[in-house]
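**Student:** Whole structure, please, built from the sequences with the hints as guidance.
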Amino acid sequence: MSTGWNREQIAARVAQDIPDGSYVNLGIGIPELVAQFVPEGREFIYHTENGLLGMGPPPSDEERDLDLMNAGKKYVTAMPGAAYFHHADSFSMIRGGHLDVCVLGTLQVAANGDIANWSTGELDAVPAVGGAMDLVQGVKQIFVVTQHTTKTGEPKLVERCTYPLTGVGVVSRVYSDLAVIDITPDGFQLVELAPGVTFDEVKTKTGATLRPPAGSN
Amino acid sequence: MSTGWNREQIAARVAQDIPDGSYVNLGIGIPELVAQFVPEGREFIYHTENGLLGMGPPPSDEERDLDLMNAGKKYVTAMPGAAYFHHADSFSMIRGGHLDVCVLGTLQVAANGDIANWSTGELDAVPAVGGAMDLVQGVKQIFVVTQHTTKTGEPKLVERCTYPLTGVGVVSRVYSDLAVIDITPDGFQLVELAPGVTFDEVKTKTGATLRPPAGSN
Amino acid sequence: MINKVCPTVAQAVADIPDGATVMVGGFGASGSPIELLHALIDQGAKNLTVINNNTGNGEVGLAALIANGQVSKMICSFPRSSQSRVFPKFYKEGKIALDLVPQGTLAERIRAAGAGMPAFYTPTTVGTVLAEGKEQREFEGRTYVLERWLKADYALIKCETADPLGNLTYNKTARNFSPLMCMAATTTIVQTRRLVERGEINPEHVVTPGIFVDRVVEVSEPVHEDILIAEGRRYP
Amino acid sequence: MINKVCPTVAQAVADIPDGATVMVGGFGASGSPIELLHALIDQGAKNLTVINNNTGNGEVGLAALIANGQVSKMICSFPRSSQSRVFPKFYKEGKIALDLVPQGTLAERIRAAGAGMPAFYTPTTVGTVLAEGKEQREFEGRTYVLERWLKADYALIKCETADPLGNLTYNKTARNFSPLMCMAATTTIVQTRRLVERGEINPEHVVTPGIFVDRVVEVSEPVHEDILIAEGRRYP
Chain A
1 MSTGWNREQI AARVAQDIPD GSYVNLGIGI PELVAQFVPE GREFIYHTEN GLLGMGPPPS
61 DEERDLDLMN AGKKYVTAMP GAAYFHHADS FSMIRGGHLD VCVLGTLQVA ANGDIANWST
121 GELDAVPAVG GAMDLVQGVK QIFVVTQHTT KTGEPKLVER CTYPLTGVGV VSRVYSDLAV
181 IDITPDGFQL VELAPGVTFD EVKTKTGATL RPPAGSN
Chain B
1 MSTGWNREQI AARVAQDIPD GSYVNLGIGI PELVAQFVPE GREFIYHTEN GLLGMGPPPS
61 DEERDLDLMN AGKKYVTAMP GAAYFHHADS FSMIRGGHLD VCVLGTLQVA ANGDIANWST
121 GELDAVPAVG GAMDLVQGVK QIFVVTQHTT KTGEPKLVER CTYPLTGVGV VSRVYSDLAV
181 IDITPDGFQL VELAPGVTFD EVKTKTGATL RPPAGSN
Chain C
1 MINKVCPTVA QAVADIPDGA TVMVGGFGAS GSPIELLHAL IDQGAKNLTV INNNTGNGEV
61 GLAALIANGQ VSKMICSFPR SSQSRVFPKF YKEGKIALDL VPQGTLAERI RAAGAGMPAF
121 YTPTTVGTVL AEGKEQREFE GRTYVLERWL KADYALIKCE TADPLGNLTY NKTARNFSPL
181 MCMAATTTIV QTRRLVERGE INPEHVVTPG IFVDRVVEVS EPVHEDILIA EGRRYP
Chain D
1 MINKVCPTVA QAVADIPDGA TVMVGGFGAS GSPIELLHAL IDQGAKNLTV INNNTGNGEV
61 GLAALIANGQ VSKMICSFPR SSQSRVFPKF YKEGKIALDL VPQGTLAERI RAAGAGMPAF
121 YTPTTVGTVL AEGKEQREFE GRTYVLERWL KADYALIKCE TADPLGNLTY NKTARNFSPL
181 MCMAATTTIV QTRRLVERGE INPEHVVTPG IFVDRVVEVS EPVHEDILIA EGRRYP
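For the record, the sequence lines run as chains A, B, C and D.
Residue numbering for the first sequence follows the numbering used here, beginning at 1 and increasing consecutively.
Residue numbering for the second sequence follows the numbering used here, beginning at 1 and increasing consecutively.
Residue numbering for the third sequence follows the numbering used here, beginning at 1 and increasing consecutively.
Residue numbering for the fourth sequence follows the numbering used here, beginning at 1 and increasing consecutively.
Just so you know, these hints were derived from the structure itself, not from any lab.
Any given hint might turn out to be false.
[Said to hold, decoys possible] Straight-line C-alpha distance at most 27 Å; calculated BS3-like pairs for lysine-lysine: (1) 4/D with 140/B; (2) 134/C with 140/B; (3) 73/C with 151/C; (4) 205/A with 151/A; (5) 140/A with 4/C; (6) 151/D with 95/D; (7) 73/A with 89/D; (8) 4/D with 73/A; (9) 140/A with 134/D.
**Tutor:** If you want it as structure tokens, here you go:
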């Protein structure tokens, strides 16, 4: 029996937590899917760090403009009311705390809110950081989207990150295939279980203490 | 018998020293007149720190736009090829060394290139600095235009400024009603006398050692 | 649908509390949000710290706000001009404080606040009394002064065109400090000469993206400080 | 009459010497000045330090410049991508150095150079290996890292419209780093899709004022990196 959320369901669950009128930056992968699940009656405005506020969905072949890309170098469109700007203005929006929510994938996320999502620390790899370190420091709320464990079953929610950090104490909430989990001053705290998933299963697959939801016994 | 240069003649003399294609910021007073004496075959582009490159002459009554002013709060026009920008971009041009020449009036200018043109240091006066301290630090060449002495006959070219400084060691050349004088590592050095003016007269009216022109005996 | 439009200037400024720090766009008369300033006079908030390049002219707009006793401190680069009478009087009577900041440093401190950078080094003021008491440091053989960001609770801004998302364009040199102030204030309130539909402003021509704007109110025939002064007007 | 127009890309890049630091506009394929880069390959300057967000794709443009052995060091935020093969190979072989800078810090360091500010404090990288060895300091209870300006001898830029004074507009997200690089380089060289008469660009719509530009060359039908790669092209 299949339990937990699939990629689309995780993305849809994230979208539920984003307030109407939010300015949102979506990372590559599952985060991108969030844009497909905007709850009825809400509007989000998407920022892409290469200089566009009001990013729209991928273009049709006829609409495609080679000079209109997102930060993942994919072709996108611009919504009515969009604005173009240069990189210093774009990262002023990020660093200056003007964006409300950033949804990011990760390698590891720790009980203290640390995130490691840019490097596995392998010495022969070409390091690449992009805008990740700016985003995690600047955006008001950092939501992390991830499979609960690696393909080999290792926990991605850990006591302390072992991979090189992207940012320290910046993550507020984690959305996995199994659960929604808050980062609190006391560490990981369950918010919600995916359908068919038990607290004990999530607890077992989490590499740090997981507290039950607030108010439960 | 009238000797020396009048205001217009000083401005015209300054204009002779500005190379073709220069980006120029003109202060209030005699410096403003420089724009009327651009030598044949040269073009200067005028910057005004409140956000315009390509400033043109004052408007006719019909041309006047209440939203088109210079830094002295006078109505101006914009030339073909002009550009508007905000204050941070405008002072990036200044501070970043992109402007070639700034022509400023002054209270005092010293033999070491110090300039004092923003305050007489009177304790009950309202202090006001505007963009003067940014201009003297940022523009590649600072030309000072001044009457050689005050109305009461005190020298304005001095050994050391007694008024509060605008900038330290920033002035390259001084244009007065009596002479053109360079600021050199050895202090004031005469470049050129106004018609009917003698070296001894300028020397007497200068509050610091004045050296004769380079190459003279 | 996001809609930042506010019906009246009175509502737009209603929540500005006593003691707030308020940035006011404009350079002299150009770009001064006179209607928002007059609404703030009607509203009556006191003990304000106001950030503007100048201190207002005549007895309208910013000068009238000062004359009405609502401003306890001005942060500006040039507090006196030929038409500036209220501030100099209050200053000499000890009724208002002044923090004098060079114009380029003022612009950059405001931008730094909007861009999330708490401090930067600038050559401006080195060797002058305005650098006294400030940290100085050498880079590549030249001395620079450390300057801090400058934030505000509110910004009052005048623009030419706005849409309901808060995208703005300005008119000529009325742009000046306004795009920077929009970035640096917690709440940015904009009066626009023309309110247009979403999508009417070319995305390439937007000067202030809507993310920096909170409230937009249309003032389609704004008064101009120079005209009011020429007519000998005062407010209220 | 000021006229910054240069007849050919070859002449535009002719004086770039060995060892120069060269900023290259563009983010991935968008805004990449392919014709200027290819002219620089033809010209042959070596031992270059190149500043760009990425390291080029396929075997054209910036990647071809690297493949041709002309670049000894890259300063960038994201040196690998799905189409990036040349740089990773050279890097692993020890043939090219890498200075990795977070994207927002890269943008701001370039702007700081253009704006005459040698250093600023930013929260980005605090607590990470990229902050190691850098000065850190607390402001208002939060820790920041000191970052230095980043200058260049030359900038190679692609734009949409230019006039003979060097006023520029860009197309959509091809704008990215280019306006900042124009400010930060001693000599800024621009290829424009459309060269227009002085006065044809609305002064309100100018993104890069001409004061930041030194040479303009018209390339009316620029090739696009993505198309060249799809066609399997390489340069030379």
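**Student:** So which of the earlier hints does this model not fit?
**Tutor:** Structure breaks hint 8 only.
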